[in-house]
Amino acid sequence: MIILALMGFMAVIGIAMARIRDLFAVVILGGIFSLLGAAVYVILDAVDVGFTEAAVGAGISTVLLLGTLALTTSEEKVTPESRSLVSIVAVIVTGAVLVYGTLDMPRYGDPTAPINHHVAPRYLEKSGDEVGLPNVVTSVLASYRGYDTLGETFVIFTAAVGVLAILGRSRRQPKRKRMKARKG
Amino acid sequence: MSHLVILRIVSKFLIPFIFIFALYVQWHGDFGPGGGFQAGVIFSSGFILYALIFGVSLTRQAAPAWLTRAALAIGVLLYSGVGVAGMVMGGNFLSYSVLADEPTHGQHLGILLVELGVGITVAAAMITIFLTFAGKDR
Amino acid sequence: MELVGLLNYWIVIVLMMTGFYIVISHGNLVKKIVGLNVFQVSVFLLYITMGKVHGGTAPILEEGIALYSNPLPHVLILTAIVVGVATTALGLALVVRISDAYGTIEDDEIDAMENND
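Chains as they are written, first to last, in the numbering used here: chain A, -5 to 178; chain B, 4 to 141; chain C, 6 to 122.
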């Protein structure tokens, strides 16, 4: 019940984010959105995920978005009426198809759902003996699925290198401008 | 924002605790919620708080560009190095059981090192990204 | 009555479509990235919802507890969140560069400039 209430709040904030044109308000609402998401994760037993979302979604990405707003602009132009009408139709059709798709999905919390019958029970039963750590998420993350995590770490590495390549060099530009201004 | 006395004093109080909490999350991730990803993000948030209050140039003195860039690579290399060490000691890539006499001890060691690698890379990546954004203008 | 168990998925779909709407209907590039973030969180929620088991607890092994929620989606989403913020940062860096080059971050204005050249 409390999950539905929290997710309802998230939906309301999401719609508000779509309608507000002041980007500063949108970014702050985005932080609240992530924090509510973290609460939902904790209630759904994903404590590690809630932890990460609270630190990353509500913290770092909000700060980065605010930094971008400081470098660009914080007011959005009005979208043309025709464009939003077309988008609303597209969104409603896609949403209806997705809702139709959920009809034969396993119900919420069903222990007999297919997702709970493949490798997950094995991790829960054997990881205590094989790896010897209480936190199953850590043993799956670092040991059973070590390749996955190695790849993800490389993605983060690449993203940081990419940001450096895109923004790092243009730091020289303002200096040149300043020199020009001084000469002028 | 360095002229705001309350922000300055409170952040100076908070930053050591943020770092200690990050280290706790890093090393305690095997037993409770936490691990390299979260610890890296929390560790970098200490630097980001400092940069927000005291400015980028002071932060760059604490975390110079060569250091964060090297750390970025060291984390990934540590992770892959643990994998290669498993191969050298007679197992497969990233199999930790051969790292020590007993399989579970090897797993403990491997996971500890791998999470440390993840933590170093994530922290360095977040610090690099933020300081690049913040240092671009102003 | 059977359908009550699907309510969570439906709210996830509402969130997903909100993010989708923000991405396709707004021309502002920062707003588009915010929309992608909303979409991303909704996908995370879908995974975590599927991993929940009635009566289960968080997957941290403890004496006397028999039923745990599925740890596998948690692992996948945990890494996806951190990768998500790294890729968001890359996208924002591109937005800043575009704003430097064109002086605007509205996609129709950029299109108009491209066509004039």
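Among these hints, one or two may not hold up.
Pairs of lysine to any residue, SDA-like flavour, derived with a Cα cap of 25 angstroms [unchecked claim]:
#1 K71(A) x G61(C)
#2 K120(A) x D122(C)
#3 K37(C) x I86(A)
#4 K71(A) x D122(C)
#5 K71(A) x L66(C)
#6 K71(A) x P108(A)
#7 K37(C) x E75(A)
#8 K120(A) x D104(A)
#9 K37(C) x K120(A)
#10 K71(A) x R15(A)
#11 K71(A) x R13(A)
#12 K120(A) x F96(B)
#13 K120(A) x S98(B)
#14 K15(B) x L26(B)
#15 K120(A) x P108(A)
#16 K120(A) x N110(A)
#17 K71(A) x Y52(C)
#18 K37(C) x Y52(C)
#19 K37(C) x L60(A)
#20 K37(C) x L158(A)
#21 K71(A) x L23(A)
#22 K71(A) x T109(C)
#23 K15(B) x I77(B)
#24 K37(C) x Y73(C)
It is worth saying that the hints were derived from the structure and are not from the lab.
Note that this is a predicted model, so its numbers are computed, not measured.
Structure-based check of all given hints:
Straight-line distance between C-alpha atoms of K71(A) and G61(C) comes to about 48 angstroms, which puts the hinted pair past the 25 angstroms bound. A threshold of 25 angstroms between alpha carbons decides the hint, and for K120(A) with D122(C) the separation of about 64 angstroms lies outside it, so the pair is violated. For the proposed pair K37(C) and I86(A), the alpha carbon gap of about 19 angstroms is at most 25 angstroms, so the pair holds. For a cut-off of 25 angstroms, the pair hint linking K71(A) to D122(C) stands: about 23 angstroms separates their Cα positions.
With a C-alpha separation of about 52 angstroms, the suggested pair K71(A) and L66(C) falls outside the 25 angstroms cut-off, and the hint is violated. Of the supplied pair hints, the one linking K71(A) and P108(A) is violated, its CA atoms being roughly 47 angstroms apart against a limit of 25 angstroms. Straight-line distance between C-alpha atoms of K37(C) and E75(A) comes to about 17 angstroms, which keeps the hinted pair within the 25 angstroms bound. With a C-alpha separation of about 22 angstroms, the suggested pair K120(A) and D104(A) falls inside the 25 angstroms cut-off, and the hint holds.
Among the hinted pairs, K37(C) with K120(A) is inconsistent with the structure: their alpha-carbon atoms are about 44 angstroms apart, more than 25 angstroms. This hinted pair checks out: K71(A) and R15(A) have alpha carbons roughly 8 angstroms apart, not beyond 25 angstroms. Proximity of K71(A) to R13(A) is assessed by CA-CA distance (about 12 angstroms); at most 25 angstroms being required, the pair is judged to hold. Among the hinted pairs, K120(A) with F96(B) is consistent with the structure: their alpha-carbon atoms are about 21 angstroms apart, no more than 25 angstroms.
Restraint check for K120(A) and S98(B): the C-alpha separation of about 16 angstroms stays at or below 25 angstroms, so the hint holds. Simply put, K15(B) and L26(B) have alpha-carbon atoms about 18 angstroms apart, close enough for the 25 angstroms limit, and the pair holds. Between the alpha carbons of K120(A) and P108(A) the distance comes to roughly 19 angstroms, so the proposed pair stays at or under 25 angstroms and holds. The hinted pair formed by K120(A) and N110(A) meets the criterion: a straight-line CA distance of about 15 angstroms does not exceed 25 angstroms.
Among the hinted pairs, K71(A) with Y52(C) is inconsistent with the structure: their alpha-carbon atoms are about 35 angstroms apart, more than 25 angstroms. Of the pairs offered as hints, the one joining K37(C) and Y52(C) holds, with about 23 angstroms between alpha carbons and a cut-off of 25 angstroms not exceeded. Of the supplied pair hints, the one linking K37(C) and L60(A) holds, its CA atoms being roughly 15 angstroms apart against a limit of 25 angstroms. Between K37(C) and L158(A) the alpha-carbon distance is near 22 angstroms, which keeps this suggested pair within the 25 angstroms criterion.
Proximity of K71(A) to L23(A) is assessed by CA-CA distance (about 19 angstroms); at most 25 angstroms being required, the pair is judged to hold. Straight-line distance between C-alpha atoms of K71(A) and T109(C) comes to about 11 angstroms, which keeps the hinted pair within the 25 angstroms bound. Proposed proximity of K15(B) and I77(B) is contradicted: the alpha carbons are some 29 angstroms apart, above 25 angstroms. With a C-alpha separation of about 38 angstroms, the suggested pairing of K37(C) with Y73(C) is violated against the 25 angstroms cut-off.
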